[in-house]
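Place chain B on chain A using the hints.
2 protein chains.
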Amino acid sequence: MNVLVLGAGQLARMMALAGAPLNLTISAYDVRSGNVVHPVTLEVLGRGLEHGIANADVITAEFEHIAPDVLRLCQDSGKFYPGEEAILTGGDRRKEKALLDKAGVNNARYQVIENRADFDNAIARIGLPMILKSALDGYDGKGQWRLKSADQADDVWQDIEAFLTASHQADRQCVIAEEFVRFDREVSLIGARGQDGNLAIYPLTENIHTDGILSVSVSANENAALQAQAESMFDAVASALDYIGVLAIEFFDVNGTLMVNEIAPRVHNSGHWTQQGADVCQFENHLRAVCGLPLGSAKRVRPTAMVNIIGEVTVPTSIMPLAHVHWYDKAPRPGRKIGHINVCASSQSELGEHLKALSTHLSVDEFPALLEAAEKLNQEA
Amino acid sequence: MNVLVLGAGQLARMMALAGAPLNLTISAYDVRSGNVVHPVTLEVLGRGLEHGIANADVITAEFEHIAPDVLRLCQDSGKFYPGEEAILTGGDRRKEKALLDKAGVNNARYQVIENRADFDNAIARIGLPMILKSALDGYDGKGQWRLKSADQADDVWQDIEAFLTASHQADRQCVIAEEFVRFDREVSLIGARGQDGNLAIYPLTENIHTDGILSVSVSANENAALQAQAESMFDAVASALDYIGVLAIEFFDVNGTLMVNEIAPRVHNSGHWTQQGADVCQFENHLRAVCGLPLGSAKRVRPTAMVNIIGEVTVPTSIMPLAHVHWYDKAPRPGRKIGHINVCASSQSELGEHLKALSTHLSVDEFPALLEAAEKLNQEA
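Residue numbers (my numbering), protein chains in the order written: chain A, 40 to 420; chain B, 40 to 420.
So here's chain A without its partners, still in its complex pose (with noise of 0.2 Å):
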């Protein structure tokens, strides 16, 4: 079966390895280049989106700020799996909250800006400090504004004015302002929902952002009661969708209560650890799902960690014993995820030694996350 998935990055690269062992053979359409390329080799394929929908019995996406006429072709082509809505969705803000509202899952109160009066009012309404989120294209902490307080109101508007006059999709979009959540910790739920309306989801993983970055993912330890709240919104999310495929739900831990953050229609970053962590790994539960196979389990089969390479970072040879590296081959840029280390031990405190040991190798500076996320799980044990 040919899967064809719209974007060539580390997240395709991940399905072809994936998908290679079921003879999935999976092609990558490069958005920039309009190449069709295998996503490990970059082999080119072929040219442009016509050509790759027309060799594909199955389409699918690694990300979700795909231009809408790219969308609409593969929607078209009745092979696209989550499919147009789904995707459309998880890349505009707007239409993200609406959808969660409509699965009645609780996530932070919000209104949309797209002038100064709906700005007035989002404060008077909302309260600060206040979150300012752009609709579309927003991304590790890009499009994202803080308004702490009233005398900030003239300048962050005049910013905000700014970026909405210089969006290239300026009739879609626009800004969400959201309620500051204080939240104790962010979490997120990965899971896959197959065509037969099977459900496969993985624990919950706690996240560690630096920077607007995901740092570190940690399999969470077992909370029964935590995980079937996640759960039941990852439901009433997926089943309003029709979703097929893997999706992504990102939330804030507010004192036990969860509160969703964020989804992504696709496999997540958050989700890397289950290659090493899980019975079957979300990369390849994505792939089962678009293409109509049952899923697999995704049982934890030991407590795991992934933590991000990001930017021009040194990871020596010498964590090797530790650490299972996934490097995309992709060349060091500030800010860019270039692979990742999943660790694995027989306990939560052994985890928790084991990237300790992790650090001694590795910088601080590179990898600000990782001692806190072992004292996290030290303190926990």
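These aren't lab readings, by the way, just hints derived from the structure by calculation. Take the hints with a grain of salt, since some may be wrong.
Using 20 Å as the maximum straight-line C-alpha spacing, the simulated SDA-like pairs for lysine to any residue come out as follows [claimed, not checked]:
{"hint": "1", "chain 1": "B", "residue 1": "Lys118", "chain 2": "B", "residue 2": "Asp281"}
{"hint": "2", "chain 1": "B", "residue 1": "Lys338", "chain 2": "B", "residue 2": "Ala384"}
{"hint": "3", "chain 1": "B", "residue 1": "Lys338", "chain 2": "A", "residue 2": "Pro360"}
{"hint": "4", "chain 1": "B", "residue 1": "Lys338", "chain 2": "A", "residue 2": "Asp318"}
{"hint": "5", "chain 1": "A", "residue 1": "Lys338", "chain 2": "B", "residue 2": "Ala396"}
{"hint": "6", "chain 1": "B", "residue 1": "Lys376", "chain 2": "B", "residue 2": "Lys118"}
{"hint": "7", "chain 1": "A", "residue 1": "Lys338", "chain 2": "B", "residue 2": "Arg341"}
{"hint": "8", "chain 1": "A", "residue 1": "Lys395", "chain 2": "B", "residue 2": "Lys376"}
So the derived label-pair ranges between C-beta atoms look like this [as the list claims (entries may be wrong)]:
{"hint": "9", "chain 1": "A", "residue 1": "Lys338", "chain 2": "B", "residue 2": "Ser278", "range": "35 to 43 Å"}
{"hint": "10", "chain 1": "A", "residue 1": "Gly331", "chain 2": "B", "residue 2": "Lys187", "range": "52 to 60 Å"}
{"hint": "11", "chain 1": "A", "residue 1": "Gly236", "chain 2": "B", "residue 2": "Ala420", "range": "33 to 41 Å"}
{"hint": "12", "chain 1": "B", "residue 1": "Glu414", "chain 2": "A", "residue 2": "Lys181", "range": "55 to 63 Å"}
{"hint": "13", "chain 1": "B", "residue 1": "Ser278", "chain 2": "A", "residue 2": "His400", "range": "26 to 34 Å"}
{"hint": "14", "chain 1": "A", "residue 1": "Ala420", "chain 2": "B", "residue 2": "Val70", "range": "32 to 40 Å"}
{"hint": "15", "chain 1": "B", "residue 1": "Pro407", "chain 2": "A", "residue 2": "Gly331", "range": "46 to 54 Å"}
{"hint": "16", "chain 1": "B", "residue 1": "Ser72", "chain 2": "A", "residue 2": "Ala137", "range": "53 to 61 Å"}
{"hint": "17", "chain 1": "A", "residue 1": "His248", "chain 2": "B", "residue 2": "His248", "range": "51 to 59 Å"}
{"hint": "18", "chain 1": "B", "residue 1": "Asp404", "chain 2": "A", "residue 2": "Ser336", "range": "55 to 63 Å"}
{"hint": "19", "chain 1": "B", "residue 1": "Thr296", "chain 2": "A", "residue 2": "Ser336", "range": "44 to 52 Å"}
{"hint": "20", "chain 1": "B", "residue 1": "Asp404", "chain 2": "A", "residue 2": "Pro107", "range": "30 to 38 Å"}
{"hint": "21", "chain 1": "A", "residue 1": "His248", "chain 2": "B", "residue 2": "Thr356", "range": "33 to 41 Å"}
{"hint": "22", "chain 1": "B", "residue 1": "Ser72", "chain 2": "A", "residue 2": "Thr353", "range": "54 to 62 Å"}
Don't be surprised by glycine CBs; every beta carbon is placed ideally from N, CA and C.
Just chain B, lined up with the frame of chain A:
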């Protein structure tokens, strides 16, 4: 780092999949076509062994029946692991038996047979029944004879003589007569030896063959005494060869005493379970070893069995909730290994149940050892 594999079959393919996350680029020299190809996509990357060698940082092999001139070229490059002598030994029963004696490991009594006089001497010295194996090109039960009683001697000798005459490598070919070992079961040990001399050895695997071809491998229940015996022989053989890479040793288990049957200087079919069942799989540890990287842990993380998919068989997708399927992208042909299925569980007895459940989806004629393996696991539990 670029790794050239001699042979472009499923073992090279699985090395490529395991190597990609380490940023190891694997190419494969197809000895039949003379092309250098990508072992997953089969894209032709170049032509001729010299081309392949020039572009490689490291050379290794996926099989041992390789022409001596090919091995010599690789050896002369200074990049070849485990190297010419190890591959020649694995591909030549005469050299292999001499190695086992040199390493001082327990193995069946034998005699080299080049003519009728040798044959008659062997009958007298070793006794009947006797197994006869061609020194070269023996594989999956081919090039083997069994002499049960003296009255068959003339017929068997006629066969052997014809075989020797027809052999392509008449100067190196001969037949090895071996005592018939009444073993309880066949087990194998897979391990890696790094360039630093460190070892990473997997737990013993129990193997069930059907018509001389491996059907099912089960990572064996822990047995410290047996494991220690096997590891000590592994160490002796690997040291005698100054071996680097993954080495497989097949043993007869005779009432708790192990006797080496044969070695394979490569990743091995009976180690495929490590893809799902061990911390770091045999393919990755082989690459780590030959590339001079630190080895990863060979610890078993869960009970796992491997079931070969051989020939023109039917494998319904209904097995997939239970199964990790690994297809080799090969056209089915009688007797040809075209894939394997890994099955995992949280205990040996659950593994038995899973194999039994798997067998309800598969034909007993096509997967003859499945129920036997399930039965054995249930008896052990």
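> Checking against the hints above, which ones are violated?
Replying inline: 6, 8, 14, 15, 18, 19, 20, 22
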